[in-house]
Amino acid sequence: TNEIQTNFEYLYKLDNKITKLNERIDEIHLILSKLTGKKILKKSKLVNIDPLTTKEKSVFMNLYTEQAPITYSDIAKKMKMPIPLIREYITNLLEKGIPIQKIYKNTRPYIFLEPKFKNLQAKKNILKIEQKVLV
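Positions 19 to 153 (my numbering) are the ones given, in order, by the sequence shown.
One thing to keep in mind: the hints can contain errors.
[To be verified] Simulated crosslink set (SDA-like; lysine to any residue; CA at most 20 Å straight-line):
1. K73 <-> F130
2. K95 <-> T109
3. K75 <-> D92
4. K52 <-> T109
5. K142 <-> T83
6. K120 <-> N110
7. K134 <-> I49
8. K123 <-> E45
Keep in mind that the hints were calculated from the coordinates and are not lab data.
For clarity, every value in this text was computed on a predicted model and none was experimentally measured.
Make a model of the complete structure from these sequences and hints.
Below, the structure is given as structure tokens:
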């Protein structure tokens with residue numbers, strides 16, 4: 019049992035390090051996209067947004083319905099899921115082309131949808147999310 023506990027602690031620390039690396043990679047991605055001047059909302063990019071899974075749609079809708087930036091833990095509480103899983107879904111959304119922004123307040127990351135994308139989703143439903151996903 020001592021070995022299991024040691025392995026668990028090691029995996030927990032490793033998971034935290036991976037999470038921090040993920041956050042840094044997201045920041046670097048954001049900085050690079052700003053430096054290169056590539057805008058995410060070009061029509062050609064919108065066509066390339068990969069379809070979302072049901073859980074990804076639920077995470078997206080939690081971001082979409084928020085008026086202010088929200089923390090990973092807030093989303094996790096709302097969805098009754100562990101924080102690392104929420105981080106994974108957010109990373110998946112970013113990889114699929116969803117423009118999620120991140121800001122830090124008192125060293126805590128807060129995420130939100132890019133306002134232009136949010137408006138575009140409201141007008142054109144480019145992600146093809148049906149009302150039943152909200153339930």
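**Study point:** Given hint N110 paired with K120 - CA-CA distance at most 20 Å
**Key:** Within the cut-off at roughly 15 Å; holds.
Review point. Quick one, are K142 and T83 close enough, alpha carbons at most 20 Å?
Key: Roughly 16 Å between the alpha carbons, so the hint for K142 and T83 holds.
Check your understanding: Does the structure keep K95 and T109 at a Cα separation of 20 Å or less?
Key -> Holds - the C-alpha atoms of T109 and K95 are around 18 Å apart, at most 20 Å.
**Study point:** Pair hint outcome, K75 versus D92 [Cα-Cα no greater than 20 Å]
**Key:** Holds: K75 and D92 sit about 17 Å apart, inside 20 Å.
Review point. Given the hinted pair K52 and T109, is their alpha-carbon gap at most 20 Å?
Key: holds, 19 Å
Point to revise | Hint consistency between K73 and F130 [alpha-carbon to alpha-carbon, up to 20 Å] | key: Holds, at roughly 17 Å.
Review point. Within a Cα-Cα threshold of 20 Å, do K134 and I49 meet the stated pairing?
Key: holds, 18 Å
Review point. Holds or violated: K123 with E45, Cα cutoff 20 Å?
Key: Holds, because 15 Å separates the two Cα atoms, which is no more than 20 Å.
Comparing the model with each numbered hint stated earlier shows that all of them hold.
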